[in-house]
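> Chain D: place on chain B using the hints.
2 protein chains.
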Amino acid sequence: MAKDKEKFVREITSRDDDFAQWYTDVVLKAEMADYAPVRGCMIIRPYGFAVWERIKEEADRRFKATGHTNAYFPMLIPEHLLQKEVDHFDGFAPEVLWVTHGGDEELAERLIVRPTSETIINTMYSKWVQTYRDLPILINQWCSVFRWEKTTRPFLRTVEFLWQEGHTVHETYEDAQEETLRMHEIYRQVIEDEMAVPVILGKKSDSERFAGADATYTLEAMMHDGKALQSGTSHNLGQNFAKMFDIQFQDREGKLATAWTTSWGISTRLIGGLIMVHGDDRGMVMPPHVAPTQVIIVPIALHKEGVQEKAQELYDSLNGRFTVKLDDRTEYSPGWKFNQWELKGVPLRIEIGPKDIEKNQVVFVRRDTNEKIFVPMENLADQVDEMLETIQKDMFQAAKKRMEENTFTVKNFDEFKERMAAGNPFLKGMWCGDEECEAEIKDETTATIRCIPFDDKQEEIDTVCVHCGKPAKHMVYYAKAY
Amino acid sequence: MAKDKEKFVREITSRDDDFAQWYTDVVLKAEMADYAPVRGCMIIRPYGFAVWERIKEEADRRFKATGHTNAYFPMLIPEHLLQKEVDHFDGFAPEVLWVTHGGDEELAERLIVRPTSETIINTMYSKWVQTYRDLPILINQWCSVFRWEKTTRPFLRTVEFLWQEGHTVHETYEDAQEETLRMHEIYRQVIEDEMAVPVILGKKSDSERFAGADATYTLEAMMHDGKALQSGTSHNLGQNFAKMFDIQFQDREGKLATAWTTSWGISTRLIGGLIMVHGDDRGMVMPPHVAPTQVIIVPIALHKEGVQEKAQELYDSLNGRFTVKLDDRTEYSPGWKFNQWELKGVPLRIEIGPKDIEKNQVVFVRRDTNEKIFVPMENLADQVDEMLETIQKDMFQAAKKRMEENTFTVKNFDEFKERMAAGNPFLKGMWCGDEECEAEIKDETTATIRCIPFDDKQEEIDTVCVHCGKPAKHMVYYAKAY
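Going down the list, the protein sequences come from chains B and D.
Residue numbers are given in numbering that gives the first Met the number 0: position 429 of the first sequence equals residue 428, and the series is strictly consecutive.
Residue numbers are given in numbering that gives the first Met the number 0: position 164 of the second sequence equals residue 163, and the series is strictly consecutive.
No lab work stands behind these hints: they were computed from the structure.
Treat the hints with caution; some may be incorrect.
What the hints assert, rightly or not - List of simulated lysine to aspartate or glutamate pairs, DMTMM-like, C-alpha gap at most 20 Å:
#1 B/Lys55 - D/Asp59
#2 B/Lys226 - B/Asp15
#3 D/Lys149 - B/Glu105
The shape of chain B in the complex, shown without the other chains:
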């Protein structure tokens, strides 16, 4: 059964040749996910799920540090609740799944498999909120949601996906707005600081905002093919849901007031983004902060005296401080192992063989740059720590540089179309604020307004709209999107 003469078969399509196929290959071969025998659903395999657990930990820690608690609300929602908020219902109705029978019986009222939980959660909030002293309510839920999508791809768009949805209630518009932006910033931290994925921040145009929201704030990341991925959203729901679901409270003056609510979410879609930002032709590349395994130790010439012992010693000195694995399988050659752990994207490989032991050193090999570095054995854990932080920063910087290099300023629609035809860039350009004009741009180029950046990032590129030539209201980012 020895594999030392077997060739490692990677079977990954080149990223430049066929980006979509490359993506699917990486998802499957790195065992991030698999197709399920249920239309449009996926299995999140242990290696992919471990990434989700890391993202979850990083997000949950920040949610709790800002006063949020977790809870669980039912997955099945009676039809009449969803219909209460008409805009919201219209937004989701075409893609909801319906439970109609329990055992052999037809149900008295059909149940919706939750596409999102505003309706059921706000129903409870109207019961729980009595006075201003009950506010704010800051609850989050980790769960799965369902959208009966026609075209699906693992992580990016699936019928069922895992997410968290935060739902909060506040006394004032200002409190709700502050919360909306606070969570938006927490998402930025998780995505940029932990996943090493740079994002463009801003507000959605009216046509792209969440059904039932007053304002939706987004984080848009650029994939390796240049397309945008909406990576998280935070919604100021104004009083829309509070009015429909009667969330009223006695205010500080003793008067009855209507509350203000928010909701916000990130999902397993982030893992799709992680792959499409960092992955390469050898497979996955994991940023150290969310890597299921941060360090893989591969002993060279395992049969030579002292190698196994030294490798084990290394492992023991790193384990606990890092997530580390020792690959001391005898049926695979070191080369085979290198390939396998590269495919999995483990950020740092440590090689140790008889020569290294002699010189009291180990070899670091970085997954992101393939760089090989000889490192003295002293204070190894500190050096590993430093190296992982360097990899984390470099991966972020490389992705950021790529995004910047693929972002262009356009002043007129010819330039716009030319740039868009030449690839999938992010285009910074002016917009009149008119929905029809936005729709025309989409029709002609398939690019959409990804976001209206915050005021401090607005640039006055021109005074008129890049498409219609009417007076411009904002600078926006245009891009094709997943």
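Relative to chain B, chain D alone:
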């Protein structure tokens, strides 16, 4: 709005007067859960969910330490998959929920909302398992499952509940059996050592075992009313699912072999057990290891100079090492706060007032015994730690003593019926091993065989069955159950 003259309204029915109503009162008033506007479903509120998070952490940590990883499988299962294993399907069919429509379309094949995931997971395992080198597969999933139950009660029996389900594949029967018992032991640790709930361990009789299993091992806890609660189960599934789902592998001799599988689960039902074992007429009583808040600091005479500062100092010295809250609200009196935190079951209350500051002491008040202890301020954190461990142990011992005092040995059926009529005891008695005899006992007394204890706990009470008088096969525990 000052509450200092308001009476704290507890509104909890006496446990001895009406156990069922007492339970519901505690669930609702302690804000563990609330009824949902969906038949048979509940909302797990933040305080109840925090207990689940603690249980989850304790279980998950042990799963991972024994080599298991988490994954996620779809919640919707195509009808034909569930029908593959006939025994299994028959067991669940009457209570499954059916998804029949997506948007306006009727689905080509109906989908089941998972009641448990053996069928979908084993379908994937048959694809993933090729050789003995792929084994064992040790995967766990945290998710929610659905049973269209007629009669429901928060935590104990709900249409949707949260659980974990482990699903493993092994080379041999012995490996599967070892795994089944390993997880059974981990459940014992979580339930006894963390939740302070003593359990009787053993195997289920054939009529009570999981649909499709060769053997089901259970953990049975005694509630305060004497009834049993099945608190976790671990199943050796033999080759039943492996055969139906074609989980075959090349064995060490190069021959094609059929695998052996297990599954095991605990659920939010455990929280119902926690309430019914430890709760009292003042509300919830949390064992320190799973308490969302372990220590509540209540300052006395907050308006007096130095009290707020000293209370804050205490908080700072304990926070991080324990989950601690400082209740420095000015609109509630100390007495009101005592009542509220007692209702919530916080294991340790620390009071600090001007007199205590003078004497350089604090007051500990134990939730479980109501005991008041004056404690010098030196090394307070260590003393808190010790006190919490004492409470944890004492709670377990108190519950164990109660269980033992309410467990009786019976030698004949008159004694059996007499004991059962006088309360809800656990009865140790002999059994012939016959299913019909078991069914008759149930018909006549509503008591069932909770488990057949392991060999080392078997006692030869008699040589004949307590009911039919035929030769006895085992000593078993009989009880009425939730």
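> Hint by hint, where does the structure go against what was stated? Just the numbers, ascending.
none
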